[in-house]
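A.B. asks: All chains should be modelled from the sequences, with the hints used to inform the complete structure.
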Amino acid sequence: MDLLYKIFLDPFVQMGTAPDLLVQTLWEGLVAGVLYALIALGYVLIYKASGVFNFAQGIMVVFAALTFVGIAARLRQWGVGPGDVAAYGALVLTALVMLGLAWGVERLMLRPLVNQPEIILFMATFGLTYFLIGFGELLFGGEPKVMITDDLHLPRGALEFKMLGGFVSLQKIDVAAAIIASIMVAALALFFQKTRIGRALRAVADSHKAALSVGISLEQIWVTVWFAAGIVALATGIMWGARSDVSFALQTLALKALPVLILGGFTSIPGAIVGGVIIGVGEKLGEFYWGPLLGSGIESWLAYVIALVFLLFRPQGLFGEKIIERI
Amino acid sequence: MLYREAGQFKTTYGADQSVFPIRQDRIGIALILFVAFVLVPLLASSFVLSAVFIPVLVFALAAIGLNLLTGYAGQVSLGTGAFMGVGAYTCYKLTTYFPQVNIIVLILASGLGSAAVGTVFGLPSLRIKGFYLAVATLAAQFFLSWSFVRIPWLYNHNVSGAIEVPTRTMLGLAVTGPNATPLTRYLVVLSIVTLMTWVASNLLRGRIGRTWMAVRDMDIAAELIGIRLYSAKLLAFAVSSFYCGVAGAIMVFLWFGAAEADSFNIDQSFLILFMVIVGGLGSLIGSFFGAIFIWGLPIVLRATPEFFGLTIRAATVEHLQFMIVGALIIFFLIVEPAGLARLWQIGKQKLRVWPFPY
Numbered sequence: 001m002d003l004l005y006k007i008f009l010d011p012f013v014q015m016g017t018a019p020d021l022l023v024q025t026l027w028e029g030l031v032a033g034v035l036y037a038l039i040a041l042g043y044v045l046i047y048k049a050s051g052v053f054n055f056a057q058g059i060m061v062v063f064a065a066l067t068f069v070g071i072a073a074r075l076r077q078w079g080v081g082p083g084d085v086a087a088y089g090a091l092v093l094t095a096l097v098m099l100g101l102a103w104g105v106e107r108l109m110l111r112p113l114v115n116q117p118e119i120i121l122f123m124a125t126f127g128l129t130y131f132l133i134g135f136g137e138l139l140f141g142g143e144p145k146v147m148i149t150d151d152l153h154l155p156r157g158a159l160e161f162k163m164l165g166g167f168v169s170l171q172k173i174d175v176a177a178a179i180i181a182s183i184m185v186a187a188l189a190l191f192f193q194k195t196r197i198g199r200a201l202r203a204v205a206d207s208h209k210a211a212l213s214v215g216i217s218l219e220q221i222w223v224t225v226w227f228a229a230g231i232v233a234l235a236t237g238i239m240w241g242a243r244s245d246v247s248f249a250l251q252t253l254a255l256k257a258l259p260v261l262i263l264g265g266f267t268s269i270p271g272a273i274v275g276g277v278i279i280g281v282g283e284k285l286g287e288f289y290w291g292p293l294l295g296s297g298i299e300s301w302l303a304y305v306i307a308l309v310f311l312l313f314r315p316q317g318l319f320g321e322k323i324i325e326r327i
Numbered sequence: 001m002l003y004r005e006a007g008q009f010k011t012t013y014g015a016d017q018s019v020f021p022i023r024q025d026r027i028g029i030a031l032i033l034f035v036a037f038v039l040v041p042l043l044a045s046s047f048v049l050s051a052v053f054i055p056v057l058v059f060a061l062a063a064i065g066l067n068l069l070t071g072y073a074g075q076v077s078l079g080t081g082a083f084m085g086v087g088a089y090t091c092y093k094l095t096t097y098f099p100q101v102n103i104i105v106l107i108l109a110s111g112l113g114s115a116a117v118g119t120v121f122g123l124p125s126l127r128i129k130g131f132y133l134a135v136a137t138l139a140a141q142f143f144l145s146w147s148f149v150r151i152p153w154l155y156n157h158n159v160s161g162a163i164e165v166p167t168r169t170m171l172g173l174a175v176t177g178p179n180a181t182p183l184t185r186y187l188v189v190l191s192i193v194t195l196m197t198w199v200a201s202n203l204l205r206g207r208i209g210r211t212w213m214a215v216r217d218m219d220i221a222a223e224l225i226g227i228r229l230y231s232a233k234l235l236a237f238a239v240s241s242f243y244c245g246v247a248g249a250i251m252v253f254l255w256f257g258a259a260e261a262d263s264f265n266i267d268q269s270f271l272i273l274f275m276v277i278v279g280g281l282g283s284l285i286g287s288f289f290g291a292i293f294i295w296g297l298p299i300v301l302r303a304t305p306e307f308f309g310l311t312i313r314a315a316t317v318e319h320l321q322f323m324i325v326g327a328l329i330i331f332f333l334i335v336e337p338a339g340l341a342r343l344w345q346i347g348k349q350k351l352r353v354w355p356f357p358y
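Going line by line, the protein sequences match chains A and B.
The numbering of the first sequence is our numbering, which starts it at 1 and goes up by one.
The numbering of the second sequence is our numbering, which starts it at 1 and goes up by one.
Just so you know, the hints here were simulated from the structure itself, not pulled from any lab data.
Note that the coordinates shown come from a computational prediction; the quantities given were computed from them, not determined experimentally.
Keep in mind that the hints are not guaranteed to be accurate.
Said to hold, decoys possible - If you want the footprint, here are the derived chain B segments under chain A, 3+ residues with CB under 8 Å:
| # | segment |
| --- | --- |
| 1 | 127 to 137 |
| 2 | 145 to 158 |
| 3 | 220 to 228 |
| 4 | 268 to 279 |
Built from N, CA and C at the ideal position, the CB exists for glycine as well.
C.D. replies: Written as structure tokens, this is what we have:
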């Protein structure tokens, strides 16, 4: 009885008596969710266009962030202008590096593996992950780096609101992250819906053969999506890097994005966002209100359990395409 | 010329359906067993035994476990490491409660605990398929990893949070614990792995294995010809977890000597998935090839610069090693997506028609 009380009543009493804490927790969940959604977005882009479940997205985030910080530091060494010029220059150069990576992946990995089963492609992205871990550490060293938030003019500090009989504090960088994420999602959605390449991408996603037969170049499409995923990775890396340091530990975030992905559905961009928010908020609420019951750290698996529960009712995720099987 | 089945006539059904119908294969397997049981213990040093042979055997057993599930029943799982952990912790608890029972019995029994847990986490497999299922099995991985840390009962409330393997003897010889010699441990591991591989190969030839393969190839079609999907999939999860659990138990008891929750993390699961894919999905011998390849490759890579008299910093070697392993995995998948087992088959086929290929 006591346990039942603790599970079903006590948390809600707590929420009712301290609404400011509830709002704070919800906000943190929302921010975490948006950032998970950014990573998930990278997966969705690639999965939609090439049917590859790209495990390397997590390490691409780290790699992009490290490249960015490394290039900025090198530019400063060479005496390029004030900090912000170097930072924005580095941003452009990193984008070019991601383009090179996309081209290399398409040329050396995807093209020879055309028409292989999904699991083989999935394993190939594992190889890519290992390669990028070694390559990144070789170039930039394994120690954590500090993200140059000031040079990028990202805001710092906290906004404090007085509400509901208490304080709610929002980190400015979180607000910026949420805004940037929304802009990216909107831009990607527009890109997919309105542009020529976007339409070609959707055609490829529907059927490789049909797309080829109407003259769409698969190679070009693949480079484009991997490049887009690289840009998303760069944005994610900067945002996560600003919240903590840029280190290889960030790649475990990729695993956090997986429940988001299956919750939203592998093929849906809005699904990634909604899934991200559900997971982020659910995780933070669970950790804050129910966590103490089980001993802390339930954040590590709660997301998966939430996703699993949703999957039992909708096996293709919330927004995924209906899976139709024929014999 | 040498490897050819011509002239070997079978007069009974039993002979026709034996595990190794070709005489050369029987000789080959006898040779391999002779080398493994007699020559290796005689020639290999203790270090090589515990750093190369024992790990390869342990990983091969785990890879067989995953291969039963992924390669034969077609259910992708990323929770192998956690199931190995369940086996190890079960064995630890069992030997705490029953110190007088033979440790090998306990190791095999701990697989049952793992099988029970695996069955529970296999429950979503009827609703969920493919990558969705793979991510769902990650729930098992993370939940179990968390439990290994957060439930102190599992490690007998040790302050360190690790499980220390106690000394257990058999026939007056120390089998586990710090006093056990690598030689004893090697022979015990080898016997268990040989036994379980033999069981698996027979399991797969029978009704159960065929059911799994039908489910793998197309589960709806399998259902239509009267296979109960749910029991087939759950049985696959149970048997696979049994194998992984035993592998985990021998990993801790006969190789590590002590372990904590971190030994069973997600990296372990991925490592074993690698072995299965590189070795060949749906092949027992492939599991061994995969374990040898993935475990041996870093050792070879580390030895190479020394061999050529180059001195490279240890950190650089490690980074290069990551890059080379990654690149080799991609290379292998491009050259032979069906894995090393397929190369083996091609080699055997070539040998059959040698020296007069047609």
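A.B. asks: Indicate, hint by hint, whether the structure satisfies it.
C.D. replies: So, going through the hints one by one against the coordinates:
| no. | hint | in the structure |
| --- | --- | --- |
| 1 | 127 to 137 | holds (count 8) |
| 2 | 145 to 158 | holds (count 4) |
| 3 | 220 to 228 | holds (count 3) |
| 4 | 268 to 279 | holds (count 4) |
In this structure, none of the earlier numbered hints is contradicted; all agree with it.
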